[in-house]
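Starting from the known structure of chain A, fit chain B onto it as the hints suggest.
Number of protein chains: 2
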Amino acid sequence: MANKENNISINPNAQVIFNRKKSAPISVGDLMIGIEKGDRYILSKAITLVESNQIEDQSIANQLIDFCINKKPESLRIGITGTPGVGKSTFIDTLGTQIINENHKLAVLAIDPSSNISRGSILGDKTRMERLSMNLNAYIRPTPSADNLGGVARKTRETMILCEAAGFDTIIIETVGVGQSETAVYQLTDVFLLILQPGAGDELQGIKRGIMEMADILAINKADGERLSMAKFAKAAYTSALHLFQPKTSNWIPKVLTCSSTEENGILDIWNTIQSFQNLTIANNYKINKRNHQKLYWFEETFQNKLLNFYLENKEIADYKEELEMKILADTVTPFLAVDKLLQKIIDKYQK
Amino acid sequence: MANKENNISINPNAQVIFNRKKSAPISVGDLMIGIEKGDRYILSKAITLVESNQIEDQSIANQLIDFCINKKPESLRIGITGTPGVGKSTFIDTLGTQIINENHKLAVLAIDPSSNISRGSILGDKTRMERLSMNLNAYIRPTPSADNLGGVARKTRETMILCEAAGFDTIIIETVGVGQSETAVYQLTDVFLLILQPGAGDELQGIKRGIMEMADILAINKADGERLSMAKFAKAAYTSALHLFQPKTSNWIPKVLTCSSTEENGILDIWNTIQSFQNLTIANNYKINKRNHQKLYWFEETFQNKLLNFYLENKEIADYKEELEMKILADTVTPFLAVDKLLQKIIDKYQK
Chain A
129 MANKENNISI NPNAQVIFNR KKSAPISVGD LMIGIEKGDR YILSKAITLV ESNQIEDQSI
189 ANQLIDFCIN KKPESLRIGI TGTPGVGKST FIDTLGTQII NENHKLAVLA IDPSSNISRG
249 SILGDKTRME RLSMNLNAYI RPTPSADNLG GVARKTRETM ILCEAAGFDT IIIETVGVGQ
309 SETAVYQLTD VFLLILQPGA GDELQGIKRG IMEMADILAI NKADGERLSM AKFAKAAYTS
369 ALHLFQPKTS NWIPKVLTCS STEENGILDI WNTIQSFQNL TIANNYKINK RNHQKLYWFE
429 ETFQNKLLNF YLENKEIADY KEELEMKILA DTVTPFLAVD KLLQKIIDKY QK
Chain B
129 MANKENNISI NPNAQVIFNR KKSAPISVGD LMIGIEKGDR YILSKAITLV ESNQIEDQSI
189 ANQLIDFCIN KKPESLRIGI TGTPGVGKST FIDTLGTQII NENHKLAVLA IDPSSNISRG
249 SILGDKTRME RLSMNLNAYI RPTPSADNLG GVARKTRETM ILCEAAGFDT IIIETVGVGQ
309 SETAVYQLTD VFLLILQPGA GDELQGIKRG IMEMADILAI NKADGERLSM AKFAKAAYTS
369 ALHLFQPKTS NWIPKVLTCS STEENGILDI WNTIQSFQNL TIANNYKINK RNHQKLYWFE
429 ETFQNKLLNF YLENKEIADY KEELEMKILA DTVTPFLAVD KLLQKIIDKY QK
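Which chain is which? The protein sequence lines are A and B, in order.
First residue of the first sequence? That's 129 in this note's numbering, and the numbers climb one at a time after it.
First residue of the second sequence? That's 129 in this note's numbering, and the numbers climb one at a time after it.
These are calculated hints, taken from the structure and not from any lab test.
Keep in mind it's a predicted model, so treat the numbers as computed, not measured.
Hints are supplied without guarantee of correctness; some may be wrong.
Same chains, same label: a pair holds when it works inside one copy or across any pair of copies.
Said to hold, decoys possible - List time: in silico DSS-like cross-link candidates among lysine-lysine, alpha-carbon distance up to 25 Å:
1) 199 with 469
2) 434 with 423
3) 480 with 363
4) 415 with 455
5) 434 with 473
6) 449 with 200
7) 173 with 376
8) 443 with 473
9) 199 with 415
10) 473 with 173
11) 469 with 360
12) 480 with 434
Isolated chain A (complex conformation) (with noise of 0.2 Å):
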């Protein structure tokens, strides 16, 4: 078995040893057979690999996340955000025991950025999702841990190709919305989903710059009891605010709908309406269109991130440009000669 782009060949029966004592070492060749099988316990081996930071680990979740594109399993992924307190947990816990009920088996990551601080700020604790995590045909993964998002961006895209490989057709990636995480999200799944409740006034303030723009369905939850009625404010204002945009380039016309996540209301229309996105964006091309943009995205991005991260890790350019940033914040050089100077000093110090 030779793969020539990461000029190494694959031995099946390289032993790969997981830190925990009790772990017997398993075979690359059986973590490749165990995700096939859909493999629950080889599944999370081998996303504890992805995860990694060791290079022997790397070298090997290189191999597997190879093997899996290679197999390009169907799958649909759902991109969930919503701000704290909105009940994301119940939301996707209700709808992903409808999506389970239809013969579908469901992966649940999370991108939460924050949680690097406070580990486990996201589902940490599986029990939030009480129904999806006694059910076997869901698999519930953490946030992975990185110091920095275009790292658990790209530790969520791998856990989802072998979730995807493993048989799991689909996956949601949700987020809280910390920083640029509702772009990572955006940029990893088919469909977006925005999770709102009812509110007046003030309440109904407080969305994200750019992120009702991404939004392809707007769900208002908590539509139940005394907030019925708000909530039917809530999805006319929304309604009318997204007529005021751009149509999108998927034709996709946004749709706002009210659901109860705990009283089961609405959900299953979600879900149809998310398979109404599937359906046509199948069929228009939108879908293929939109996830070979999204590796360019993450290759445009990473190449850029690591680029400038390669000069700025080194002390003295580093302290060259807070130097530069000072004199620009004091008026002595204009932001444009200020990046002259600095790519000089950065083609004397490296170039050939």
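Relative to the frame of chain A, chain B by itself:
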């Protein structure tokens, strides 16, 4: 006169020779004196130097910019955008006349990257601002030519600095909204106006993503005659949509106003609103913080672009990047592994 930042000493007697045969050479010192006096002829000559791509001209332009920045003149920078047909020229002509009547001096600049192809699609014909073009307290300058938006933004920013040093205390920068030009205008100005026109249903749609959220003031133009009731409807729709967004860091609540440039209705109201914004953001330090942030924005943006282009202008690197993109699309390499490969290529080729 020594200029440490540029490592060149300024010789005020150096002669600048302009291309037009009838121009007599002007010394750098005379350019500085002329700008300080607000001499329009000298200002135009100085801007021509800023726009020039000749190395000698750029060196003199840098000295001029340095000189002008250090004068630290007070100014108000207004950004204006709107799709073609909303009546931007007449709006600026009317608003500008109002501004000049209150004893200000006004410079009108434009960012229109499309004009590199069809030169002069904006502001090329000064007669489209009839009153301003005949007023000695107004200075109108068409879009500078450059091969990318970054270049246009740099030249516009430096032209603005020259104009401010020449006593133009109010600057309007307009754009027709091609590509990322609104973001460029937003990052060059203190207050951002979006000009709209009344229209029902479909006509209300079509605002480019993110633009509405950047605007401090939405002006619904052409609110006259039969369109008056449509304008009022549009005002209500936009006001309600703006409520959905996060409050601005400026603490300014975006205003939606109607006006008629031809009937000169509502323009004074808009000018007063601009001044309210100005007063608020001076008092709460938002204006100075935003200007500092803008300087660092242009430093960062230009640095990243130039660093990337430094490598991608090399055919071997550019070809390899394209090859990797093909492989990414064919799923024979992941985006993240492709980045490692591209960086390795750059390091092998360039680094000491």
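A quick look at each hint next to the structure:
1. For the homomeric pair residue 199 and residue 469, the shortest alpha-carbon distance between copies (23 Å) is at most 25 Å, but the shortest distance inside one copy (49 Å) is not.
2. Both within a single protomer and between protomers do residue 434 and residue 423 lie at most 25 Å apart by alpha-carbon distance, with minima of 16 Å and 24 Å respectively.
3. Taking identical chains as interchangeable, the C-alpha atoms of residue 480 and residue 363 are never at most 25 Å apart, the minima being 61 Å within one chain and 60 Å between chains.
4. When the C-alpha separation of residue 415 and residue 455 is checked against a cutoff of 25 Å, the pair qualifies only between copies, where the shortest distance is 19 Å, while the shortest distance within a copy is 47 Å.
5. In this assembly of identical chains, the alpha carbons of residue 434 and residue 473 lie at most 25 Å apart whether taken from the same copy (19 Å) or from different copies (13 Å).
6. Taking identical chains as interchangeable, the C-alpha atoms of residue 449 and residue 200 lie at most 25 Å apart only when they sit on different chains, with a minimum of 24 Å there against 45 Å within one chain.
7. In this assembly of identical chains, the alpha carbons of residue 173 and residue 376 never lie at most 25 Å apart, being 40 Å within a copy and 46 Å across copies at closest.
8. In this assembly of identical chains, the alpha carbons of residue 443 and residue 473 lie at most 25 Å apart whether taken from the same copy (13 Å) or from different copies (23 Å).
9. Within a single copy, residue 199 and residue 415 get their C-alpha atoms as close as 18 Å, which meets the 25 Å cut-off; across copies the closest is 55 Å, which misses it.
10. In this homomeric assembly, residue 473 and residue 173 never come within 25 Å of each other (Cα to Cα): the closest approach is 45 Å inside a single copy and 32 Å across copies.
11. Taking the closest pair of Cα atoms, residue 469 and residue 360 never come within 25 Å of each other, the shortest separation being 58 Å inside a single copy and 53 Å across copies.
12. Taking the closest pair of Cα atoms, residue 480 and residue 434 come within 25 Å of each other both inside a single copy (20 Å) and across two copies (18 Å).
Of the numbered hints stated above, those contradicted by the structure are hints 3, 7, 10 and 11, listed in ascending order.
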